[in-house]
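Enquirer: Sequence:
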Amino acid sequence: MNQRDQALTEQRSKIMGQAERKIWVTFRKEGIHKYPAAATDPALATGDEYDVSFLGVPHRHIFHFRVWIDVLHNDRDIEFIQFKRWLENLYKDGILQLDYKSCEMMADDLYIQIASRYPDRAVWIEVSEDGENGALIKYELSRPSLSIKI
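Take the sequence shown: its position 69, counting from 1, is numbered 68 in numbering that gives the first Met the number 0, and each next residue is one higher.
No more than 30 Å apart at the CA atoms, straight line, and that leaves these computed lysine-lysine pairs for DSS-like: (1) K83 - K21; (2) K137 - K21; (3) K28 - K137; (4) K137 - K83; (5) K91 - K137; (6) K100 - K21; (7) K137 - K13; (8) K28 - K91; (9) K33 - K91; (10) K137 - K33; (11) K100 - K137; (12) K83 - K100; (13) K33 - K83; (14) K83 - K28; (15) K33 - K100; (16) K21 - K91; (17) K28 - K100.
Treat the hints as calculated values from the structure; they're not laboratory data.
Could you put together the complete structure from these sequences and hints?
Expert: This is how it looks when you write it as structure tokens:
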């Protein structure tokens, strides 16, 4: 192997050693949603094609979750299926509730549980209504672009 090839091999090895590693799982839960302000807020209850006042009454959604979490190595210290089952059981066992919360509120509630069980890991949580519209919140340990260490 020549020097250039050796240097490239070492560079790739260093990059792989420092790579950010996450796993992700998905699951769905049925819930009842209500956005009370939609019924009366003029910005929402517009009376035209943009009217969303119907959101002010309880309505059903299938909430879709995608959760990413840091893993420490390629042999995964968190197993996909076990992680997914644990997350689903948070709702099944009544530890977390979906009803009457925004996607962002659901993500925050879920993050608290994950961070308690798996501290010091970045977690990203995406929650959508019916797989159509939703939110992504990235719970990072640091924000280098802002020079802030959390």
